[in-house]
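Asker: On the provided structure of chain A, position chain B as indicated by the hints.
Chains as they are written, first to last, in our numbering: chain A, 1 to 298; chain B, 299 to 601.
Hints may be right or wrong, so weigh each one.
What the hints assert, rightly or not - Short derived list, chain B residues pointing at chain A, Cβ under 10 Å:
1) 385
2) 391
3) 394
4) 400
5) 417
6) 419
7) 422
8) 516
9) 519
10) 561
11) 562
12) 565
13) 570
14) 574
Simulated from the structure, these hints should not be mistaken for laboratory data. Every residue, glycine too, gets a C-beta built ideally from N, C-alpha and C.
Next come the chains, spelled out residue by residue.
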Amino acid sequence: MEDFWYEFVEVTQTISDGLLFGSTYALIGVGFTLIFGAMGKLNMAYAAAALGGAYAGLAGFVLIKAPLVLVFGISAVAAAVLGYAIYFACFRFIPINNHLAALMASVGGLFFIDEVVVHVTRGSPLTFPSMFGDVFFEIGPYGIRGDLIFVFVIGLISTGILLYILFKTRLGLATRAVAQQDVAARLCGIGVHSTNSVTFAIAGVLGGIAGAMTAAAVGVLSPVMTVPLTIKGIIVAVIGGLGSIPGAIIAGLFVGGFENVFLYFRGIDERDMYVVALLFLFLVFRPNGLFGTAITRD
Amino acid sequence: MDYYLNLINTIGIHTLLGLSAYLLILTGQVSMAQAGFFGIGAYTAAILTVIFEWSILSAIGAAMLVSGGVAFLVGFPALRVRGLMLVVATIAFSEFARMFFYNLKWRVVRDGAEIGPDGTMGFAEIRYFNDNGWLNWEVTIFLWVFVAVVMALIWWSDKTRIGAVLRAVGEDELAADSTGINVTVVKIAAMTAGGVVAGLAGSLYAHQVTDLDHHTFTVLLATFAIAYPILGGLSNVFGTLIAVLFIQGLLVEGLRFLGDWRMLLFGALIILAMNIKPLGLFDNQTIRILRNALGVKRRSGSV
Chain A
1 MEDFWYEFVE VTQTISDGLL FGSTYALIGV GFTLIFGAMG KLNMAYAAAA
51 LGGAYAGLAG FVLIKAPLVL VFGISAVAAA VLGYAIYFAC FRFIPINNHL
101 AALMASVGGL FFIDEVVVHV TRGSPLTFPS MFGDVFFEIG PYGIRGDLIF
151 VFVIGLISTG ILLYILFKTR LGLATRAVAQ QDVAARLCGI GVHSTNSVTF
201 AIAGVLGGIA GAMTAAAVGV LSPVMTVPLT IKGIIVAVIG GLGSIPGAII
251 AGLFVGGFEN VFLYFRGIDE RDMYVVALLF LFLVFRPNGL FGTAITRD
Chain B
299 MDYYLNLINT IGIHTLLGLS AYLLILTGQV SMAQAGFFGI GAYTAAILTV
349 IFEWSILSAI GAAMLVSGGV AFLVGFPALR VRGLMLVVAT IAFSEFARMF
399 FYNLKWRVVR DGAEIGPDGT MGFAEIRYFN DNGWLNWEVT IFLWVFVAVV
449 MALIWWSDKT RIGAVLRAVG EDELAADSTG INVTVVKIAA MTAGGVVAGL
499 AGSLYAHQVT DLDHHTFTVL LATFAIAYPI LGGLSNVFGT LIAVLFIQGL
549 LVEGLRFLGD WRMLLFGALI ILAMNIKPLG LFDNQTIRIL RNALGVKRRS
599 GSV
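Excised from the complex, chain A in its bound form (with noise of 0.2 Å):
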């Protein structure tokens, strides 16, 4: 009875941490369906441009010695800028049915900003500063660790400014326009293209956030990092239900959980292979996500 209770313990704590954790999953799930809710398109360079703006503001704590505050915010304003850039060179002169140039194209963006990243890092991973890395809160047989509740705190709120700007200005009544019918939206007057590109930064922002608040919480920004971060933010796009902003924050903390489940009881090796084992099960059972608008089989 004792040996259940502690196991039953450890991984409830292995599920609370891997929720908090989970936050950063969930900014990047949310980029990527902005982006794709936006244009119908799946922007490969997503993360790479988050972690982009993550090093970015690594640079500013290196050279200027910037507070904590002012590193997210570099990397937030980075990650926008190198955003409106992917859209520049990947989205905007391809025709609009043309997927497959798109996603090529962004895949080359993903692999040009992983080598400048390579290049001026000499590939080698840096430490990130985390903020509230020696507190820790003791709740019964539980310890919450100060600095993963720092990040999901920090989850809470950019998601929230988000929701604010999409559904109360009326820049978010633009996108969710051109996200809806970009026709019907060119003949209001809303111009597709700059839309498009706000949007990219809009997402880019978070992307940032996300980026630098997952090296505070592993504590290493590494250019490695960019290829699962993006298949994972994908997952959790589509888990969530491409498109839907509360599916994708769900998805990312359900994500986030598991992963932590299955580290625990698995080892690190065959993690990943049940968070992907996890998105076949939801393609195959239900592929358009949990909250997704339903996908019919013609």
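Answerer: Quick look at chain B alone, frame taken from chain A:
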């Protein structure tokens, strides 16, 4: 000399990889699963020749069957998702396959030495060609016979109804369905064929390179696989071959002097190519221009 033979081998293997993706893109399915099938073919053939001491042809044949079988199974859930979701699903499949091989440990003691896939350390000592006295140029010819046969098969089937059916499904599934084509069968058949060709490529790769590492079978390889037919255009198989020559020959090897800056240039070139020629380097427009320039007459009724 060996360096050039190696390059020619790589071009051959990547051509097969590109052709396997080509078959799928013809039917409108953009599949990043080719890297997964490639890996399955590689490991299967290598396990058969190393642990079970099969001969190379039977090992390749069996590997093609296994990867084709897996592709057949993948084809069914692939029907439920379309477009970009299929890309996501196939990326996930390739990653799953890679992680599976990352964890695969099957060591066998033979003649006092341990052989077989060793989990995270990869799969070394796939020495079939060396042990059986194959010369380097013999390996190259062997490899390229397969490439030539596959290219010829695809080229031929493109001239027959098979090609028309594949392209019809790719262009517009609803229209194809209404002319009586069984879209499900066509798509699954294409996926299986793609899996078989990728498995062939993988089994050849495993023996040519003698050492498998899970790092090879990443999303990057899958991206290369679909880059070749996208870059080369979907009009015919030679577009894919030329794309492979261009990327592997010119960019990867020719620009080797650029050292680490190659990948940067590669990324920038992809972006540039997709913006200027979104339908591939050898799309119908370009071919028409080339034909007019060379004065080649075309049968009436075709593009």
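Asker: Quick check on residue 519 of chain B please, does its C-beta sit within 10 Å of some C-beta on chain A?
Answerer: It is violated, given that the least Cβ distance between residue 519 of chain B and chain A is near 12 Å, above 10 Å.
Asker: Hey, does the residue 422 of chain B contact hint survive, CB to chain A under 10 Å?
Answerer: Because about 19 Å separates residue 422 of chain B from the closest Cβ in chain A, which is outside the 10 Å limit, the hint is violated.
Asker: For the hint on residue 419 of chain B, just tell me whether its beta-carbon gets within less than 10 Å of chain A.
Answerer: 12 Å, violated
Asker: Using the nearest Cβ pair, does residue 400 of chain B come within less than 10 Å of chain A?
Answerer: 7 Å, holds
Asker: Residue 562 of chain B was flagged as interface toward chain A. Is the shortest Cβ-Cβ separation under 10 Å?
Answerer: Hint holds; residue 562 of chain B Cβ to chain A Cβ min 4 Å, cut 10 Å.
Asker: For the hint on residue 516 of chain B, just tell me whether its beta-carbon gets within less than 10 Å of chain A.
Answerer: 7 Å, holds
Asker: Can the hint on residue 417 of chain B be confirmed by a CB-to-CB distance to chain A that is less than 10 Å?
Answerer: This interface hint holds because 8 Å falls under the 10 Å limit.
Asker: Just to be careful: measuring from the Cβ of residue 565 of chain B to every Cβ in chain A, is the smallest value less than 10 Å?
Answerer: 3 Å, holds
Asker: Under 10 Å is the threshold here; is the Cβ of residue 391 of chain B close enough to any Cβ of chain A for the hint to stand?
Answerer: It holds, given that the least Cβ distance between residue 391 of chain B and chain A is near 8 Å, below 10 Å.
Asker: Against chain A, run the beta carbon of residue 394 of chain B and see if the smallest gap drops under 10 Å.
Answerer: 5 Å, holds
Asker: Under 10 Å is the threshold here; is the Cβ of residue 570 of chain B close enough to any Cβ of chain A for the hint to stand?
Answerer: 8 Å, holds
Asker: Against chain A, with CB atoms and a cut of 10 Å, does the hint on residue 385 of chain B hold up?
Answerer: 7 Å, holds
Hints 6, 7, 9 from the list above are not met by this structure, while the remaining hints are.
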